[in-house]
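Student: Okay, so the sequence shown: first residue is 7 according to the numbering used here, each after it adds one.
Please note that the accuracy of each hint is not assured.
Stated by the list, open to error - Here are the simulated SDA-like pairs of lysine to any residue, each with C-alpha atoms no more than 25 angstroms apart in a straight line: (1) Lys-84 to Asp-11; (2) Lys-221 to Ile-94; (3) Lys-346 to Arg-80.
In case anyone wonders, no lab produced these hints; they're calculated from the structure.
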Amino acid sequence: MRLADYAQGRDNNFNLIRIAAAYAVLVSHSFPLAHGSSAVEPFTQMLGMSLGTMAVDVFFFTSGFLITASLMHRQNVKQFIWARILRIYPALVVVVLLSVFCMGVYFTTQPLTAYLSDAKIYIYVLRSSTLITGVSQHLPGVFEHNPFDCTVNGSLWTLPYELKMYITLTCAWLLVRFVPNGRGRVFKVVLVLSAVIAGLLLILVHLHVVNTGGKSLRLFYMFFTGASFYMLREKVVLSRPVFAFFLLLLLGSSLHKEIFYISYVLVIGYCILFCAYVPSGVIRNYNKLGDYSYGLYVYAFPVQQSIAALVPGIAPLGMLVLSSATTLIFAVLSWSLVEKHALALKEFQPRALHFPVLLFSSRGKS
């Protein structure tokens, strides 16, 4: 069956894939947060890429695919932006405030009055809860004696990149509004060319032919490859033999780091989509639960840093066990008390979104 036949409705495995990716980040971080160095993470030693890096790639690819689907379905930029705000910011603001005024207050080595009067904590709140100028990683006196010292929530670094992808996608959609005919076709060409060029550059960077981009280029490639798959969904066939061949390719190339990376870049997107749509049956029962992946992702790092501070010398396995249970509780509470209720407001549009630059884009046929 073609991808377009599958990509209808919400009966898929994306929720399961996302929480697996979020948990993979937690697993990956258990090693550096216990030992103080990311070099000890097993996948980094075997493949040249950490499990957390691959998990973030999964997030960006699935985000590119689903966010593009949302934009094309809504055909309304104001609704699209409001939905993205509701998905990212309410839970983020809560975790930032809890980190500063609960966790920070408890773990800081400074006197409480000095901590609360330090401008750095308010800069942390402002930057990390808006993402516009990146995120802050340090709070005064917090986790300064941990193996991975002074970093409060290292997972948040990806969110400004995610925000930039949304903005770039939205700007591309607005610009093709000026195309007199075939807006959808032009948009498709722009997204596919962006992904192809980024992929070629990514491979050339890996082969040391060029030196540009870094992780921002990889995330751009993953996001816009996901977007391209959605735009080309009528052409893509999800095939078990092809999926099996790609898995064998990844397994075989894992013996050589250089070859594995190139294979990984080329086939990871197809493998994600196959896992999202083809396996069915009892596995779909996970969708009856909440979408805990975002909460798991944003709470895992501060929970693990807290454990490292409370249990000095803890081993990675102990870190993994303790942080898994604790973070899952925060993730469930985040979904139940914050995220679910925020997403229920999707149909409400605040007047602040009705600014002139968006008026020309509110509805348009592709």
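Student: Compare the structure with each hint and give your call.
Tutor: Evaluated hints:
1. For the hint pairing Lys-84 with Asp-11, the CA-to-CA distance comes to about 28 angstroms; that exceeds 25 angstroms, so the pair is violated.
2. With a C-alpha separation of about 21 angstroms, the suggested pair Lys-221 and Ile-94 falls inside the 25 angstroms cut-off, and the hint holds.
3. Straight-line distance between C-alpha atoms of Lys-346 and Arg-80 comes to about 20 angstroms, which keeps the hinted pair within the 25 angstroms bound.
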